[in-house]
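Participant: These protein sequence lines are chains A and B, in that order.
Just so we're aligned: 81 in the numbering used here is position 73 of the first sequence, and the numbers increase by one with no gaps anywhere.
Just so we're aligned: 71 in the numbering used here is position 66 of the second sequence, and the numbers increase by one with no gaps anywhere.
Hints listed in this document are in silico derivations from the structure and should not be mistaken for laboratory results.
Ideal placement from N, C-alpha and C gives every residue a C-beta, glycine not left out.
One or more hints might be untrue.
The list that follows gives simulated cross-link-like pairs (lysine to any residue, SDA-like), each with its CA atoms no further than 20 angstroms apart [what the hints assert, rightly or not]:
(1) Lys17/A to Ala80/A
(2) Lys17/A to Asn59/A
(3) Lys48/A to Ser14/B
(4) Lys49/A to Val122/A
(5) Lys48/A to Ala91/B
(6) Lys73/B to Gly48/B
(7) Lys52/A to Glu93/B
(8) Lys44/A to Val68/A
(9) Lys27/A to Glu90/A
(10) Lys30/A to Gly48/B
(11) Lys60/A to Pro74/A
(12) Lys49/A to Lys73/B
(13) Lys44/A to Ser57/B
(14) Lys48/A to Gln50/B
(15) Lys52/A to Asp78/A
(16) Lys48/A to His44/B
Anything over 10 angstroms on all C-beta distances counts as not near chain A; from chain B, calculated [as the list claims (entries may be wrong)]:
(17) Thr10
(18) Gln43
(19) Ala59
(20) Glu69
(21) His80
(22) Pro84
(23) Ala91
(24) Phe95
(25) Gln107
(26) Leu108
(27) Gly113
(28) Leu119
The calculated label-pair distances, taken between Cβ atoms and stated as ranges, are [said to hold, decoys possible]:
(29) Ser17/B to Thr121/A: 51 to 59 angstroms
(30) Lys30/A to Ser33/B: 17 to 25 angstroms
(31) Ser75/B to Lys52/A: 25 to 33 angstroms
(32) Ser88/A to Gly67/B: 45 to 53 angstroms
(33) Ser33/B to Asp26/A: 23 to 31 angstroms
(34) Lys60/A to Thr22/B: 27 to 35 angstroms
(35) Pro16/A to Ser89/B: 36 to 44 angstroms
(36) Tyr18/A to Asp13/B: 29 to 37 angstroms
(37) Tyr18/A to Ser8/B: 40 to 48 angstroms
(38) Gly104/A to Glu71/B: 21 to 29 angstroms
(39) Ser33/B to Pro16/A: 35 to 43 angstroms
(40) Gln50/B to Gly104/A: 17 to 25 angstroms
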Amino acid sequence: DTAVSQTPKYLVTQMGNDKSIKCEQNLGHDTMYWYKQDSKKFLKIMFSYNNKELIINETVPNRFSPKSPDKAHLNLHINSLELGDSAVYFCASSPGRSLVNTEAFFGQGTRLTVV
Amino acid sequence: AQSVTQLDSHVSVSEGTPVLLRCNYSSSYSPSLFWYVQHPNKGLQLLLKYTSAATLVKGINGFEAEFKKSETSFHLTKPSAHMSDAAEYFCVVSARSGSARQLTFGSGTQLTVLP
Chain A
9 DTAVSQTPKY LVTQMGNDKS IKCEQNLGHD TMYWYKQDSK KFLKIMFSYN NKELIINETV
69 PNRFSPKSPD KAHLNLHINS LELGDSAVYF CASSPGRSLV NTEAFFGQGT RLTVV
Chain B
6 AQSVTQLDSH VSVSEGTPVL LRCNYSSSYS PSLFWYVQHP NKGLQLLLKY TSAATLVKGI
66 NGFEAEFKKS ETSFHLTKPS AHMSDAAEYF CVVSARSGSA RQLTFGSGTQ LTVLP
């Protein structure tokens with residue numbers, strides 16, 4: 009009965025590879041997010057989708073491409089992986105798009121290590 | 006622009022003594038404020054949220070926070086620390102980004118609880 013689930017939990021890959029991280033939420037929320045947590049534990053938003061529509065797209069290399077096949081799923085595809093992409097990636101969801109009077113629910117995170 | 010400043014990167018307390026984690030925010034709008042906790046190698050869990058109702062907010066595990074508009078602060082407190090409280094704590098403000106709001110995270114405070 010996990011609310012926001014991400015797979016895989018750990019991902020080790022070589023530079024130059026292409027990889028995907030999947031995220032699913034069973035909360036019935038309309039909005040989903042991807043956050044990146046760097047080695048200093050700083051969390052920064054990357055993307056946000058509301059009902060499959062991209063609503064937030066921060067300054068992220070275009071090697072990162074989110075895909076939302078339906079409002080319960082938001083996958084993150086990364087092309088040509090670089091060492092600097094190593095981080096923990098968190099998926100989250102929230103009801104509506106306003107984040108007023110409501111919080112975001114986070115997945116367990118995917119630790120990506122590029123070697 | 007909205008921002009969050011967590012004044013201490015590390016806080017160390019003895020078990021059974023009070024906890025104070027400090028947070029100041031900047032927001033052009035009436036903010037929604039949150040505290041999240043991240044235990045080692047775990048996801049982010051909501052501790053409590055302020056959404057313009059009562060200024061003293063009670064959360065899980067005995068934590069509470071007081072919203073002080075005049076001081077633009079939202080400090081997190083707990084009367085008596087437990088070993089299980091050792092974790093990373095994030096103060097978060099809900100901020101507008103275009104047509105949507107997004108969560109802006111503070112840099113985190115690592116809480117150590119000494120036996």
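Participant: Against each hint, give a clear statement of whether it holds in the structure.
Facilitator: Tested hints:
1. Lys17/A to Ala80/A: holds, 19 angstroms
2. Lys17/A to Asn59/A: violated, 25 angstroms
3. Lys48/A to Ser14/B: holds, 10 angstroms
4. Lys49/A to Val122/A: holds, 17 angstroms
5. Lys48/A to Ala91/B: holds, 17 angstroms
6. Lys73/B to Gly48/B: Cα-Cα ~28 angstroms, so violated.
7. Lys52/A to Glu93/B: holds, 16 angstroms
8. Lys44/A to Val68/A: holds, 10 angstroms
9. Lys27/A to Glu90/A: holds, 11 angstroms
10. Lys30/A to Gly48/B: It holds: about 15 angstroms lies between the C-alpha atoms, which stays within 20 angstroms.
11. Lys60/A to Pro74/A: Status holds; Cα separation ~10 angstroms.
12. Lys49/A to Lys73/B: It is violated: about 27 angstroms lies between the C-alpha atoms, which goes past 20 angstroms.
13. Lys44/A to Ser57/B: Given that 20 angstroms is the threshold and the Cα spacing comes to 29 angstroms, the pair is violated.
14. Lys48/A to Gln50/B: holds, 19 angstroms
15. Lys52/A to Asp78/A: violated, 24 angstroms
16. Lys48/A to His44/B: holds, 15 angstroms
17. Thr10: holds, 13 angstroms
18. Gln43: Violated, since 8 angstroms does not exceed 10 angstroms.
19. Ala59: holds, 13 angstroms
20. Glu69: holds, 16 angstroms
21. His80: holds, 19 angstroms
22. Pro84: Check passes; 24 angstroms lies beyond 10 angstroms.
23. Ala91: The claim stands: alanine 91/B keeps its Cβ more than 10 angstroms from every Cβ of chain A (closest is about 14 angstroms).
24. Phe95: violated, 7 angstroms
25. Gln107: Contrary to the label, glutamine 107/B does not stay out of reach of chain A, its closest Cβ about 5 angstroms off (not over 10 angstroms).
26. Leu108: violated, 6 angstroms
27. Gly113: For glycine 113/B, whose nearest Cβ neighbour in chain A is about 5 angstroms away, the distance does not exceed 10 angstroms, so it is violated.
28. Leu119: It holds; leucine 119/B is separated from chain A by about 21 angstroms at its closest Cβ, greater than 10 angstroms.
29. Ser17/B to Thr121/A: 51 to 59 angstroms: For threonine 121/A against serine 17/B, whose Cβ atoms are near 30 angstroms apart, the range 51 to 59 angstroms is violated.
30. Lys30/A to Ser33/B: 17 to 25 angstroms: violated, 36 angstroms
31. Ser75/B to Lys52/A: 25 to 33 angstroms: Holds: the Cβ-Cβ distance is about 29 angstroms, inside 25 to 33 angstroms.
32. Ser88/A to Gly67/B: 45 to 53 angstroms: About 47 angstroms separates the Cβ atoms of serine 88/A and glycine 67/B, which means 45 to 53 angstroms holds.
33. Ser33/B to Asp26/A: 23 to 31 angstroms: At 40 angstroms between Cβs, range violated.
34. Lys60/A to Thr22/B: 27 to 35 angstroms: violated, 49 angstroms
35. Pro16/A to Ser89/B: 36 to 44 angstroms: violated, 27 angstroms
36. Tyr18/A to Asp13/B: 29 to 37 angstroms: holds, 30 angstroms
37. Tyr18/A to Ser8/B: 40 to 48 angstroms: violated, 32 angstroms
38. Gly104/A to Glu71/B: 21 to 29 angstroms: holds, 27 angstroms
39. Ser33/B to Pro16/A: 35 to 43 angstroms: Given about 39 angstroms between the Cβ atoms, the range holds.
40. Gln50/B to Gly104/A: 17 to 25 angstroms: Taking Cβ atoms as reference, glutamine 50/B and glycine 104/A lie about 21 angstroms apart, which means the hint holds.
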